[in-house]
Structures are given as C-alpha cells and as structure tokens.
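Residue numbers (this note's numbering), protein chains in the order written: chain Z, 1 to 177; chain Y, 1 to 365.
Think of the hints as simulated: they come from the structure by calculation, not from any bench.
Hints should not be assumed to be uniformly reliable.
FRET-style restraints, in silico, Cβ to Cβ [said to hold, decoys possible]:
no.	chain 1	residue 1	chain 2	residue 2	range
1	Y	A256	Z	A152	49 to 55 angstroms
2	Y	A112	Z	V136	23 to 29 angstroms
3	Z	V133	Y	S66	21 to 27 angstroms
4	Z	D114	Y	K75	38 to 44 angstroms
5	Y	M271	Z	E109	52 to 58 angstroms
6	Y	K56	Z	E109	57 to 63 angstroms
Below are the DSS-like pairs computed for lysine-lysine, each with C-alpha atoms no more than 30 angstroms apart in a straight line [what the hints assert, rightly or not]:
no.	chain 1	residue 1	chain 2	residue 2
7	Z	K139	Y	K90
8	Y	K69	Z	K139
9	Y	K25	Z	K169
10	Z	K158	Y	K361
11	Y	K90	Y	K264
12	Y	K361	Z	K106
13	Y	K156	Z	K158
14	Y	K156	Z	K110
15	Y	K98	Y	K83
The C-beta atom is built at its ideal place from N, Cα and C for all residues, glycine as well.
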Amino acid sequence: MKCELCSSNNVDRVIKRQVNGVEEELFVCNSCAIKANSGYSASDIAGALGQGGEDKGFPQVNVFMDATINIAAGPGGVAGKRCPVCGFVVTKNSSYKNLGCPECYKTFEKEIFDRKLADGYSGKRPPESDAGVEVVALKSQIEDAVRESRYADVFRLKLQLEDAESRKKGLGRPKGE
Amino acid sequence: MRGSGLSKRPGIVLWSRARLFRNLKGHSFISSDTGDQCVSGSDGLRQQQDRKSILKEIESAVAELSDKKKMKLVKLSSISDSKIIELYEKGALSVYHKKMVNDDSRGIITGAGGVVYAMVNERHHLVLQVLRPGFQLERVWNEVDRLDDLFGSRLKYAWSKKFGYLMPDSECCGAGLDVTVNVHLPGLILMGEMQEVVSAFGAVGLTLDAEISHDVFIEGFGQLLRISNNMSVPDSEEVFLRKIERAVSGLVLQEAQAGLRALKDDRTREMLYNKVVCSLAVLKNALIMERAQSHEEISWLRTGIAMGLVEGMTLVQVDRLHKDIWSSNFLLSFSGSFEEAVQHVGTTRAAVLRERLKDVKVNFM
C-alpha cells in the first residue's frame, strides 16, 4: 500500500486526525510524517494525534494544531502554510472558496493562480493602481496647461489621458503592471 | 447599445442591473456560508467589531460624498420591517442582506429619492448597485462605474494586479461585477425552445435561470427569467458588456419570432388562450391572492397582452400593476401593527386586482 500523502513510498505508519469531530486514519510513510510536522518526529505526531498513548502529547497546543493542519494539508506543497493575518489554513483538496482576508491571496498566491488557470486580471483598475494614479496626475496637468494656455500640451496630455483611462478600464495593455 | 432601440420599450427585457462587489484592504472577508466574518480563532466579538470599523470607514467616505450625491449610510437595524420588504421587492436589498436586519454592523447607502446605491457588509464589504427598467446595460454600467470611482478614491479596495478585486471565494476574484437582466420569454417557453437558448448563453458564460427568490422578488415566476454572469467576467468589463448586449439582443429577436410561431400553431395557440383565460379569471375573482400566485397569473396575463390576446390593458399598465401589488405597498399604507398588516396583504391585493382588471378581457380572434 502506498503513502496517502506522497503516493510513492510504502506505508510505514498510521496517524490519526480529527475532522469535524470524527477521527480519521491516514496511512503515511515515515518521511512524509516527518516532513509534515515542522521538525517533530513522526512518532511525536502520531503520539500527539492520539496514537501511541495519550500521555505523549505536546506541551503547546499551537504546535499540536500546526502539526494536525500540516498533515491535513496533504501533498499539494501547501503544508504548513497559514495566512499570517487571519490564520486561514488550507486543508486537503481545499477549494479556496472561503478565504479569510485579502492577505490570503499573497500567502496562497501560487496555488490560487494555478487553480484559476487564467492569464491574469484584465479588467478595471482602482484609482490607487498605476493607471488610476496616472489618470489623476494627467487631469491635474491638463488643468495646469489650460490655465497657462499651453494648448499644444493640452492636446498631447489629453491623448495620454485617453490612453491611461483606457488602461484603467482594462481595455488597453497594462503599462508596467 | 445605444442603437439597439430596446432600452425603454416595455416588452421582453423588464429591467437591467449591475452590481460591483468590493472588499476593503486590512479587514477580514465576510464568510459566504454563515454571514460571519471568517473565523480565525474563536473571537466572534472581534469580527463584529471589524464589521463595525468597516461600517465606520465607509460612513466617512459617504460623509464626504453627501454634498455631491445626497448620500447617507443607514444601519439595517434602524429600518422598519415594512421598509425592508419594500427595498427587497424593489431589488435594492439582496435576500442575504434582508436576513441580517437586526445586525447593527450592516447597512445601506441611500441617496435622493430613496435610491439605494450600495449595501454595506453584505457578503462583501461594499456592494454597489444600479437597477434600471428596460434594457439599459450601458447606462447601469456607467452609473455603477462612476459610483465605484467615487468610493474607490476614498476607500482602499482589496485589489491585486494579478487577481483583480479580491473576494472571499477565489473563483470570483477579478472584476467583481454581476450583471443581471430580467426577461420575459413566453414564446420560447411555449415552443419548447429554451434548452437551446440556455446552452447558447452557457457558451458565453451566462446563466439563464428561474430560481425563485434567489435575489430579487419579482423574478422567477411564470415566464420571467434572469440572465446573469454570476460574477464571471472573462474580459474587461466593457468588452464583456458588449457581449451580453449582443446575446440579449439576439434573444429578444428569437423570442419575438417564437411568439409569432406560437400563435400560428393551433395547439400552442389553444394552450396559450386557455392559460390566459384561466389566469385572468383567477385574478379578477380571487378573494385572497398570495404573492407567488399573483406573479404567476400576472405573468400569463402579460403574455396575453404581449401577444395581442388581451384588450383593456397595455404592457406598461400590467408592469405598473405588477409593482403596485408588492406586499410592501400594502404594509406601508396599513395603519395598524405590522403583524395585522401582514394578515391583510392577501385580501387587499386581491381587491386591488379585482378593481384594476374589471374592464380587461380576452380578445378571441
């Protein structure tokens, strides 16, 4: 039987975990058990998760929770990742449908991007984006140019503004974005 | 869109709506399952505090805009039950937000004439919206886009170059735009041609469904259907809106042709007459009329009017009647308690229908 985490090595041990209050068994190899627990030995994890005697648990609850989460996260390469702001963690086969906060997008950037299979965002940009800032700046420059009767500049700036507004709406090629 | 000629004509497209979903930087998302903010521990109080601070942040932005747009933020908990139902029936309040009436960390942004510009702390921190009668996609988009720019220059949206506007559901991040068009398609339904239409719309990323009370009160009854992109915007917003506009224009043409075919075919014509006659009889004689039944029957009456089978009422009048029998109209005008008013809604609605339809009759050709 192959390890349920890496699917390549043979199973060496059984670890247990709690999922929604129900105890579940996971058949894993030694190296996965060690990899998944942030430096603690596989026997420690198994102990902490209920196998090998209840008196063998970790002193810190957080470490215990991390180990549980790491194992639950599975072989997708996200084991151990947790949003530093909201504490959101992914579980095995996570669909990223209920993220905790905007920071989660930075933490799980690669995983989310891979799932979306998209070329990136091509829609409207907020005022604080590069194009948005450029629009505000150009509008102000146009006002100055009109006030100082620099009509050639007004014409040139208006063309630039059209281009920037188009990029802000996501219609043009993003400039430097 | 400007040249389509469909915009204000009452007929197949009843209304168009655009909503923009925005979340703010530095705050946790609101969970779509429970309506609570994402749990990062067991501190529920902290989450409510966070929602309150979002409300405060948005309130400051609204205060800056109050001169320009006469905007104000109203907490849901301070709105009366009858008013909540009215907003819901108008499509200004989502079914989700309607359930949160007692939560003082949620609210709406209103403007002159009672228009609701946005919902605050719905499933997203800020949901900007514009709804217009008829087929006015370009207009609703331009208006909601302007609102977005106004708020975007005062609030820090959660946005990234790679993903666009960030949402709790990673599948929905991007433009955060939801476009909905409400259509009345009796011809295609009678002719059994809806399956092809649904498939064709699915191919361009649009869904066509009749899910009752999914979001707006008046949809989903009879032959009234909802076309929506379900927040999926594969291109830039304006390019995508043009695609929807083309798809809906094609649908309007198909519906008109299907209506003509339905009248030419003996079997469907007989079936149609029967439905219209029965619905009119029920509407003209009922003593108690519940909401769902009234919309179903009115939908058939509307079909009869659209196909020239009914005389004494126009499409504009039937659409007006449709709105006049909203529960909120009766609840707001009733002088007694809310509970008493609720009991009287069915009988009052039936009385209004009997009165307004007394001269309407089926025109047998």
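Okay, the hints, checked on the actual structure:
Against the hinted window of 49 to 55 angstroms, the Cβ-Cβ separation of Y:A256 and Z:A152 comes to about 53 angstroms, which satisfies the hint. Range check, Y:A112 to Z:V136: about 27 angstroms between beta-carbon atoms, so the 23 to 29 angstroms window is met. For Z:V133 and Y:S66, the Cβ-Cβ distance of about 26 angstroms falls inside the hinted range of 21 to 27 angstroms, so the restraint holds. Taking the beta carbon of each, Z:D114 and Y:K75 are about 41 angstroms apart, inside 38 to 44 angstroms as hinted.
Against the hinted window of 52 to 58 angstroms, the Cβ-Cβ separation of Y:M271 and Z:E109 comes to about 57 angstroms, which satisfies the hint. Hint check: Y:K56 to Z:E109, Cβ distance near 30 angstroms, so the stated range 57 to 63 angstroms is violated. Our distance criterion of 30 angstroms between C-alpha atoms is broken by Z:K139 and Y:K90, whose separation comes to about 38 angstroms. A C-alpha spacing of about 22 angstroms is found between Y:K69 and Z:K139, which places the hinted pair at or below 30 angstroms, so the restraint holds.
Between Y:K25 and Z:K169 the alpha-carbon distance is near 21 angstroms, which keeps this suggested pair within the 30 angstroms criterion. Among the hinted pairs, Z:K158 with Y:K361 is inconsistent with the structure: their alpha-carbon atoms are about 60 angstroms apart, more than 30 angstroms. A hinted pair counts as satisfied when its Cα atoms are at most 30 angstroms apart, and Y:K90 with Y:K264 does not qualify at roughly 37 angstroms. Restraint check: the Cα-Cα separation between Y:K361 and Z:K106 comes to about 64 angstroms, which exceeds 30 angstroms; the hinted pair is violated.
Between Y:K156 and Z:K158 the alpha-carbon distance is near 27 angstroms, which keeps this suggested pair within the 30 angstroms criterion. The suggested pairing of Y:K156 with Z:K110 holds, with an alpha-carbon distance near 24 angstroms, which does not exceed 30 angstroms. Between the alpha carbons of Y:K98 and Y:K83 the distance comes to roughly 11 angstroms, so the proposed pair stays at or under 30 angstroms and holds.
Checked against the numbered hints above, the structure breaks hints 6, 7, 10, 11, 12 and satisfies the rest.
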